[in-house]
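Chains V and R supply the protein sequences, listed in that same order. Residues 6 to 470 (the working numbering) are what the first sequence spells out, left to right. Residues 6 to 470 (the working numbering) are what the second sequence spells out, left to right.
Keep in mind the hints are simulated off the structure, nothing from the lab. Errors might be hidden in some of the hints.
[Claimed, not checked] Quick list of in silico lysine-lysine cross-link-like pairs, DSBU-like style, CA-CA up to 30 Å:
{"id": "1", "chain 1": "R", "residue 1": "Lys346", "chain 2": "V", "residue 2": "Lys32"}
{"id": "2", "chain 1": "V", "residue 1": "Lys369", "chain 2": "R", "residue 2": "Lys217"}
{"id": "3", "chain 1": "V", "residue 1": "Lys55", "chain 2": "V", "residue 2": "Lys43"}
{"id": "4", "chain 1": "R", "residue 1": "Lys115", "chain 2": "V", "residue 2": "Lys337"}
{"id": "5", "chain 1": "V", "residue 1": "Lys65", "chain 2": "V", "residue 2": "Lys91"}
[What the hints assert, rightly or not] Only part of the chain V face toward chain R is listed, based on derived beta-carbon distances under 8 Å:
{"id": "6", "residue": "Thr111"}
{"id": "7", "residue": "Ile235"}
{"id": "8", "residue": "Ser317"}
{"id": "9", "residue": "Ala389"}
[Claimed, not checked] Example chain R residues on the side facing chain V (calculated, C-beta under 8 Å, incomplete):
{"id": "10", "residue": "Leu31"}
{"id": "11", "residue": "Phe33"}
{"id": "12", "residue": "Ala106"}
{"id": "13", "residue": "Gly107"}
{"id": "14", "residue": "Glu110"}
{"id": "15", "residue": "Val154"}
{"id": "16", "residue": "Ser183"}
{"id": "17", "residue": "Ser184"}
{"id": "18", "residue": "Ala188"}
{"id": "19", "residue": "Tyr222"}
{"id": "20", "residue": "Glu224"}
{"id": "21", "residue": "Lys252"}
{"id": "22", "residue": "Ser353"}
{"id": "23", "residue": "Ala389"}
Yeah, the Cβ is synthetic: ideal placement off N, Cα and C, and Gly gets one too.
2 protein chains.
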Amino acid sequence: MSVKSNSLDFFFNPKTVAIIGASESLKFGYTMTNYLLKSSFKTYPVNISKEKIFGYKAYKRISDIPEQIELAIIIVPNENVLEAIKDCIKSNVKGIIIETAGFAETGIEKYVQIQHEIEEIAKTANIRIIGPNCVGITNFNNNFTTTDVEFDKLLEGGKISIIAQSGVLGNVVVDWASSQKVAFAKSITFGNKVDVDEIDMLEYLENDPYTKVITLYLEGVKKGRKLIEILKRVTKPVIVLKNGRSKAGFNAIKSHTGSIAGDDKIYDAIFKQLPGVFRVDNFYEMFDIAQIFATQPLPNGKNVAIITASGSLGSLACDQIEQIGLNLAPLKKSTIEQMKKDSPNWTSLRNPIDLGPSVFATFKPALTALMNDENVHAVLYIFAVPQKPLETFSLTMIPQFRLINKLVTKFKKPVTICVFGSRWTLDYLLEESPKYNIPIMTRTDHALKGLKMMYDFKAIKERKI
Amino acid sequence: MSVKSNSLDFFFNPKTVAIIGASESLKFGYTMTNYLLKSSFKTYPVNISKEKIFGYKAYKRISDIPEQIELAIIIVPNENVLEAIKDCIKSNVKGIIIETAGFAETGIEKYVQIQHEIEEIAKTANIRIIGPNCVGITNFNNNFTTTDVEFDKLLEGGKISIIAQSGVLGNVVVDWASSQKVAFAKSITFGNKVDVDEIDMLEYLENDPYTKVITLYLEGVKKGRKLIEILKRVTKPVIVLKNGRSKAGFNAIKSHTGSIAGDDKIYDAIFKQLPGVFRVDNFYEMFDIAQIFATQPLPNGKNVAIITASGSLGSLACDQIEQIGLNLAPLKKSTIEQMKKDSPNWTSLRNPIDLGPSVFATFKPALTALMNDENVHAVLYIFAVPQKPLETFSLTMIPQFRLINKLVTKFKKPVTICVFGSRWTLDYLLEESPKYNIPIMTRTDHALKGLKMMYDFKAIKERKI
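Model the full structure from these sequences, guided by the hints.
What follows is the structure, given as structure tokens:
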């Protein structure tokens, strides 16, 4: 059933769109309808009982629209979905996104049955269907979205794409990530996946020039063997979050999207064997790691140097380095000598490099010495400066960012910044970071796990060559 | 050497203060000096070469000050510290906080030796010393601080106190926590601890009426047996973060505060046997958990009910419930029937309760039914609503908070909110939460670990009675 990936382009860049069930009332779909009608995407509202929606002429049925529709978004109540789909097929629509919930996930026989009928239609009709029980897609490079996310708050298109099952989550993830300056290429949620699923989307994103890193949130897997096949073929890093590790979680999935989780241990074992597939524990970890993959070069080894203004956070990160399977870089004597020239006598210049409050003045020579040291394969900069001195010294941060960017490019070694401090501090650093392509996060364990996965990914790549 | 805990009050509420090494230049201590001189705390700047500091008359030596000084804060360079201490002793100062770094932690013989001399002085003189290599204390109930934290940004005094070794960290933790609406009672950092240490401070905080929860960041332990003794006696929950789990971390501590970490596995085993002592992995976990202890009643059992708008996040949390050793509460039939009355047909009313986008309308009946169910001992509310609808519906959140507060008080069951969403969403909820005494965090694993520790703490309390 797999089709050429380009054939799904109409979901991401449709020439014409119909919103079936469009309405002005403050409920699910309100923001999307308002946004699409006012956007440059040719959008037609379909509503059985309204003349106008947000001032635009509404059509009773999709067949009343005087133009051929490529993509239909369905948000009518669950009992009316089947009829809407049949209308779409009659009108030769290429793709449907069914956002309405209330099908197999309810466990109610009547709605399970409707979902089966939709599945049958998808198999026989010349149409592709995303959903039901989802929020569809967002394309961050042309600002097309079928979600309730507001585009004026979003970043420009980035290099990370996300494939997720859940609807609400699809919206919120994008929302959250935007406020963390995690820039996406494409996001896709497919809910109960009667047709389009993670396999189609992995294939699509593998060929998508905008996507450098794929993040995949999995609940149930319907075609396990096919999933493994495609995961083997994908050459981009795939960061997977899969729930259902516990019996309770397993049951919860069933009542959420109506799919069967499968034995989690089997998937865990399979993921471990797949080169380029990395399993994570939660969404925060997922995007922090994706951000490192998206912005930093792959490290040539496992030796990490730590620079910080807080010896405590430095030594806590050392514990994590060992747990995660990296090494604390043994610095060359010349590196330490180099750093000593510019540092007060009380700074600790073994690795981790604790610059203390002198960090504003001594960061530049310290980072330069570390990046020049061939024993160092990656640098973790743990930023821990109280808000007050930072407000005073904040202008010194731009040269630091510029320096990091320059040295990363020159030496092809990854640098990650972890921030421990006030919201003001984090916001200040986040705001500036995208310009310099620097991944900023709060947790050192995420940064170090990311560096370890990057190292493993590089090892796999090289074995392939 | 232990003294009556009240005898350390002069550190937290000094009648008179001298800042030895006070200066107007933009370096360590600038913010503190400026703040204390302008505060209601009677503060005298001491500087060998300046006439005035921030417009206030400066004294060449502490003995020149025309008033008896209770507390001296030393921020002169490391080579001048010993002389400053001797001056303080001559002037009958009660307590000294040495913030200057550059002693045993450098590993340089000369500075290690100076620290030894300070230690000897502390043993014989009638004086208590905090430091060196620290930022001293903050009392959030009278706004006295010896740190560079800015008080106008801080919250009112709360119920959590922190004892930490590291200086920079002491500043930043308070900074960070304030911006997360984590309200502190007292914070203490003691760096290389030549005299005052975690044992003194645990004793002090056990008797401090403002402190309900103690958080303890430990690097090296010098008096292991005494620490264990006091930890056994403390009746308040103590949340411990200790580094040095790895060899690399162990070595890093040595070069940070010059103390010996001790065998981590022994401490791990000891902590596990100590009732009321809970070990955590990082600062984020530490304060999220402290926040639950500080605001919520102890649960009567291990059964957790989850309410959410995202079935995915709900099922991920189910996996964590099992891992952490809690139960997913088996709801009574009547509870489910009660919730059904007010919910659309597509919501999933098994536990986890997935209210989907109907959460604004159906939260009230759902939470009320759950709190009334004796099978439910605690509730986790995973808030996952995109920013856009939330902005529209945000006013519905205040009644939700009010309801939570009312039901927590009535049923004495803890409720914790985990937020997944944009920074705007988190900020909005955080801003309102303190008024209603609701712990808000981003990570469900922290919330669940906190509930588990609260359950264990209650079990210990009850065994004692």
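#### Entry: Residue hint Ala106(R), partner chain V, criterion CB-CB below 8 Å
For Ala106(R), the interface hint holds, since the closest Cβ of chain V sits about 5 Å away, which is under 8 Å.
### Message
Lys346(R) and Lys32(V) were given as a pair; does the straight-line alpha-carbon distance stay at or below 30 Å?
### Response
With Cα atoms ~20 Å apart, Lys346(R) and Lys32(V) stay inside 30 Å; holds.
### Query
Under the criterion that the straight-line Cα-Cα distance not exceed 30 Å, is the pair Lys65(V), Lys91(V) satisfied?
holds, 15 Å
#### Entry: Agreement of Lys55(V) and Lys43(V) with the hint, judged by alpha carbon distance not exceeding 30 Å
Cα-Cα ~18 Å, so holds.
### Query
Is the interface hint for Val154(R) satisfied, with its Cβ closer than 8 Å to some Cβ of chain V?
Where the cut-off is 8 Å and the nearest Cβ of chain V is about 6 Å from Val154(R), the hint holds.
#### Entry: Status of the hint placing Glu110(R) at chain V (closest C-beta pair under 8 Å)
holds, 7 Å
### Task
May I ask you to test the interface hint for Ser183(R) with respect to chain V, counting a Cβ-Cβ separation under 8 Å as satisfied?
Since the shortest Cβ distance to chain V is 7 Å, the answer is holds.
### Task
Tell me if Phe33(R) is really an interface residue toward chain V, meaning its C-beta lies closer than 8 Å to one of theirs.
holds, 5 Å
### Task
Tell me if Lys252(R) is really an interface residue toward chain V, meaning its C-beta lies closer than 8 Å to one of theirs.
Holds, because the Cβ-Cβ distance from Lys252(R) to chain V comes to roughly 7 Å (cut-off 8 Å).
### Interface hint for Ser317(V), Cβ within 8 Å of any Cβ on chain R
At about 4 Å, which falls below the 8 Å cut-off, the nearest Cβ of chain R leaves the hint on Ser317(V) intact, so it holds.
### Task
Go through the hint on Ala389(V) and say holds or violated, using the shortest Cβ distance to chain R against 8 Å.
holds, 5 Å
### Task
Below or equal to 30 Å on CA atoms is what counts here, so check Lys369(V) against Lys217(R).
The given pair, whose Cα atoms are some 43 Å apart, is violated under the 30 Å limit.
The earlier numbered hints that this structure contradicts are 2, 7 and 18.
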